[in-house]
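Asker: Below are the chains, spelled out letter by letter.
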Amino acid sequence: MQVEPRERVLSATYACVARFGMGKTTVDDVVKESGVSRASIYRLFPGGKDQLLRETVGWEMNRFFTRLAEAVYEAPDFAGLLQEGLVFAHRSIQEHEVLRKVLETEPERLLPLITVEQHRVLDFITAFLLPYLEREQRAGRVQPDVDLGAAAQYVARLVLSLIGSPGRWDMDDPAQVRLLVREELLGGILV
Amino acid sequence: MALPTMSSVTPEDTTLSPPPVESPAERIEERAVRATLVCVARHGLAKTTFDDVAREAGCARATLYRYFGGKRQLVLITTAREAARIAASIRAAADVEETFEDAVVAMFVRAARELREHEALQFLFAFEPEVVLPHVTFDAGNRFLVAAGSAISPAIARFIPAERVERAGEWLARVALTHALPPTSPIDLTDEAETRPLVRELVLPGLLHSEPGT
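Each protein sequence line maps, in turn, to chains A and B. For the first sequence, position 175 (counting from the first letter as 1) is numbered 1147 according to our numbering, and the numbering increases by one without interruption. For the second sequence, position 39 (counting from the first letter as 1) is numbered 464 according to our numbering, and the numbering increases by one without interruption.
If we strip away everything but chain A, and leave its shape as in the complex, we get (with noise of 0.2 angstroms):
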């Protein structure tokens, strides 16, 4: 299959900064393991090595989002997507090998460019989430006078908080994700 010089680079951008971090990742070394030409990289990320670094971060966040909305999409119901979905990015965090190494050792670079990226991830789950709500709501199990959009987002941005960062919550325990889903986060939103 043909992939695109765009998908190419940053899957090797994202390969060069698994090896060698992201503060000795260069465009030669960019070069090099996408087999495309320097001047092409700096046609499609004309701010060189920054952009290509925020932009690997954006398309890995992507990827990870994307591949929790598969391993969900299929739940019973709004609260059982929920618990799913939290357990699932618990676990794909831990074990996001390069996440981890990154955070370790230059948490300085990466959590701004997370930072940045973050909206898009945000309107992602929002709109995810935003039909199983209304299932939900025709099923008759929203409460009355909830306004849809603002749950959703509400929900959306909670989730991303819980995924970075979990609290005191065992996020290993279901049967504490199964409270913090339907209390917490859906106590003002469900019958």
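To be clear, the hints were calculated from the coordinates, so they are not data collected in a lab. You may find that some hints are simply not true.
To be verified - DEER-style ranges, computed between Cβ atoms:
no.: 1; chain 1: B; residue 1: F552; chain 2: A; residue 2: G1020; range: 17 to 23 angstroms
no.: 2; chain 1: B; residue 1: E447; chain 2: A; residue 2: D1049; range: 32 to 38 angstroms
no.: 3; chain 1: A; residue 1: S1064; chain 2: B; residue 2: E522; range: 40 to 46 angstroms
no.: 4; chain 1: A; residue 1: R1039; chain 2: B; residue 2: F552; range: 33 to 39 angstroms
What the hints assert, rightly or not - Listed next, the stretches of chain A that the computed footprint assigns to chain B, with coverage defined by at least 3 CB atoms under 8 angstroms from CB atoms of chain B:
no.: 5; segment: 997-1011
no.: 6; segment: 1079-1089
no.: 7; segment: 1130-1140
Note that the structure is a prediction, hence the values are computed from the model and not measured. Just so you know, even glycine gets a beta-carbon here, dropped at the ideal spot from N, CA and C.
Position chain B relative to chain A; hints supplied.
Answerer: For chain B alone, kept in the frame of chain A given last:
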């Protein structure tokens, strides 16, 4: 140069009220903390030197050095004192309210205003996010949320069952943090009219609801 994690501030620290009479050491510390905040608001953390702070505080460098032993210690103490001051301000906002809803709305609005009016923090968010973010995200975020939750729990203890107080404190800290950090929230927590529906419709029911069979 790293800021301390917020977990270094224990709930005990944050409930201390300042002694009525300040010793010379406390006056020096207070002046140094104020001066550090002024310098960071002006030039950021990386560019602020120990000498800058001494000059701003109107202290001899040697005096300041005797108390703090360097920039790292100065920043640690400044962060701990500011965290304690902001936590106390948030609790005080809740203490004058009659109902749970009013108390939570008041706490969110106060927290958001403390952040917005904090010139040093605003500088860091805008120009040196790499200084702040490692202390409020991922694993450090866990410690921050637990510490912040414990710090505000005393202010909500009169409204909910004892076994849910710490949990509720952490949830409130989480809601406030996630609306205060980027991505920008459509809800401006400094605005009471925008904050109240969020609290009434989405936040409080989550803290009061008990799932049957759990």
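Asker: Does the segment 1079-1089 of chain A contain three or more residues whose Cβ lies closer than 8 angstroms to a Cβ of chain B?
Answerer: Held - the segment 1079-1089 of chain A has 8 residues with a Cβ nearer than 8 angstroms to chain B, which meets the minimum of three.
Asker: Given a hinted range of 40 to 46 angstroms, is it respected by the beta-carbon distance of A/S1064 and B/E522?
Answerer: Cβ of A/S1064 to Cβ of B/E522: about 41 angstroms, so the range 40 to 46 angstroms holds.
Asker: Residue count check for the segment 997-1011 of chain A against chain B: does it reach three with CB-CB under 8 angstroms?
Answerer: violated (count 0)
Asker: For the range 33 to 39 angstroms, tell me whether the beta carbons of A/R1039 and B/F552 fit it or not.
Answerer: 34 angstroms, holds
Asker: Kindly confirm whether 32 to 38 angstroms is satisfied by the beta carbon distance between B/E447 and A/D1049.
Answerer: 59 angstroms, violated
Asker: Between the segment 1130-1140 of chain A and chain B, are there enough contacts, at least three residues with CB-CB distance under 8 angstroms, for the coverage claim to hold?
Answerer: holds (count 9)
Asker: Okay, B/F552 versus A/G1020 on CB: inside 17 to 23 angstroms?
Answerer: This hint holds: roughly 21 angstroms between Cβ atoms.
Consistency note: the structure conflicts with the earlier hints numbered 2 and 5.
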